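> For reference, the chains in residue letters:
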Amino acid sequence: MAQATLESAAAPRESAPAPAEAKPRRSGKAATGLLTTVLALLLALFIIGPLVWLGVRAFADTWTYPHLWPDSWTTHWWQVVFGDKALGVAVQNSLFFAPLTVLVSAVICLPAAYAFARFEFPGRRFFLIGLFAANAFPKMGLFVSLAALFYALNLMNSILGILIVHVLGTIVFMTWIPSAAFAAVPRSLEEAARDAGASKLRVFFSVTLPMALPGILVAAIMSFLASFDEAQGTYLVGAPDYMTMPTQMYSLVLNYPTQVAAVFSILLAIPSVALLLAAHKHIIGGQLAEGFQIK
Amino acid sequence: MTTNQTLSSSAPGAVAAEAAASTPTRRSGGLDVRGLHKVLGGRTIIDSLDMTVQPGELVSLLGPSGCGKTTTLRMIAGFLAPDAGSIKVGDREVVHLGPEQRPSAMVFQNYALWPHMTVAKNVGFPLKLRKAPKLSKSVIAERVEAALALVNLVHHKDSRPARISGGEQQRTALARALVQEPELLLLDEPLSNLDAKLRVKVREDIREIQQRLGITTLIVTHDQEEAMSMSDRIAVMNQGRIEQFSTPSELYSAPATEFVATFIGSLNRLEGRVEDGRVVGGEGVVGIRPEDVVFVEDTDGGVNGARHSAVDGLAATVERVVPRGHFAELYLRREDAELRAFVTGALPSVGARGYARIEKWLDFADGKLVRQEVAQ
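Quick mapping for you: the protein sequence lines, in order, are chains Y and G.
This note's numbering puts the first residue of the first sequence at 1, with every later residue one more than the last.
This note's numbering puts the first residue of the second sequence at 1, with every later residue one more than the last.
The set of hints was computed from the structure by calculation and includes no laboratory data.
The structure displayed is predicted, hence computed values, not measured ones.
Even for Gly, the Cβ is constructed at its ideal location relative to N, Cα and C.
There may be inaccurate statements among the hints.
The list that follows gives simulated cross-link-like pairs (lysine-lysine, DSBU-like), each with its CA atoms no further than 30 Å apart [as the list claims (entries may be wrong)]:
1. K88(G) with K200(Y)
2. K121(G) with K131(G)
3. K128(G) with K200(Y)
4. K121(G) with K200(Y)
Reference excerpt, derived from the structure (chain Y facing chain G, CB under 7 Å, subset only) [what the hints assert, rightly or not]:
5. L189
6. E191
7. A192
8. R194
9. P210
Same shape as in the complex, but just chain Y:
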């Protein structure tokens, strides 16, 4: 009873000022609201439209010109994709290379990231900027000279060759983002751990690494997606022996009906979307994102 009266008393008080305030600006507000809605709808159409088209296309049997909707529906194209050995192998290859790339890249880049964040050494800035070299030139030019080198080293059509291409594409994320994350760990937190009796190695694994983990995770996800998406270099170095999902897309677009390409691109998108959703939950909603004030 008491609660109910309190609530009913509070409700009008909260709502009362709103209309009074809104009245003079109503027309302006309405216009802004309309504009926002239109823009949002356009944006939604721009983003979701192609996805809807893709989804419809993946289940369409025939879809002829004047019709807005497919003539009939089928799951035939999914059977084609799952039945095709080459496509299955491509999925397997992609799922093999992407995690391996993240692992190798992490092993190479994370120590470098820590060094960039914590130590002052000659040429520090030069090397940090130099990491952009791999991304500074047109990719195709880089891959052509890489191919020349790979022929000489017998790395063409090899797992190692493809791995090198993939890792090269992740070096910038895997160094810069974790480096910023390491640098953001306050030194006093590391000192407090030393003071508590932890060795330097223990301090790194108990304090520095867990605190830098969100940044490292972001870098790992970006690397995973970069590797999953890498087509040009993989095609040049790996085809035709090692086909991954994006390189297989090329032949799909050329050799199969568009419906198969639609099915395949949906499959290609699944890991990316899943990872981004997982990352969103872990990084944005995680306890590490809670504001913690440290001078």
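Given the coordinates of chain Y, assemble chain G onto it according to the supplied hints.
The following block gives chain G in isolation, referenced to the frame of chain Y:
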């Protein structure tokens, strides 16, 4: 006309030693620093510093920012290697040891709690690291509970540091230091991030716990009130040196140098000396505490003026009145000097006339105290 007072020091640490004796559960070693020297970037930060802290004593390093007090603390904790000197805790030389091997525990200015661990995990971490003997989970839990009970935080043991208030974070940091049962407790500006009300309470809590455990404690602070109210002794630092190392009351009543006299409390600093109650110019510096300036207002328009002047000092005019709570600060103009005086009770108004007398003063030569004098 004047009497000289000797600058003797009463037995330091007597109070603390007593406290240590009453709680025999913890043996706390003293601290002995000899010839500590540190040069950073070509500048001498710490200049051959010597300091002895008795077992169970609470000592404050007090000084303005940049005086080297934090550098000294960081060298004692082991985060910074001195260029020369020795640091002994108890009977053990620790200067070559890393911070993880020293028998000291530190409370950081920003508390330095690990945000990815709960309060209990933060406090338990130092115990988890113990190698010989390795502590079992139940023993750790028990000791964490006891440490949290000591600082009244048991109810927050599963909270993350970001979820508790500044004062609670501070107490967590204190519990994390105390759980290690250190021989030496180091606190770096422990109260500077707390609001004024809480600061008074926390400093009393720290003092109470320190005395109960009889733990040798070194506090770095720039706040003289904090140092005066907590410490057995205070080391006043300036430009990498200890200017004076004595009890709070002695620091105030018998400052060894002009720097200490101006840094601790309030001081009228005048060039010259005092003769027959009058400030006359000349060599040296005279320091007069505002509470040692007595002002008597002439309320009857000079009718009894003759009676005042000889006994009650020189004619003075009130130029400014600054209320400071339970007392007020008067800015007085006399024919010989401008003086500040502290008064309680009824306040004179600006422009009021009367007589001001100097009761006690300090004579300095070359920055050092020469004499403490009292008017007769």
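> All hints, please: hold or fail.
Cross-check of the supplied hints:
| no. | hint | result |
| --- | --- | --- |
| 1 | K88(G) with K200(Y) | holds, 24 Å |
| 2 | K121(G) with K131(G) | holds, 17 Å |
| 3 | K128(G) with K200(Y) | holds, 15 Å |
| 4 | K121(G) with K200(Y) | holds, 19 Å |
| 5 | L189 | holds, 5 Å |
| 6 | E191 | holds, 6 Å |
| 7 | A192 | holds, 4 Å |
| 8 | R194 | holds, 4 Å |
| 9 | P210 | holds, 5 Å |
The structure meets every hint from the earlier list without exception.
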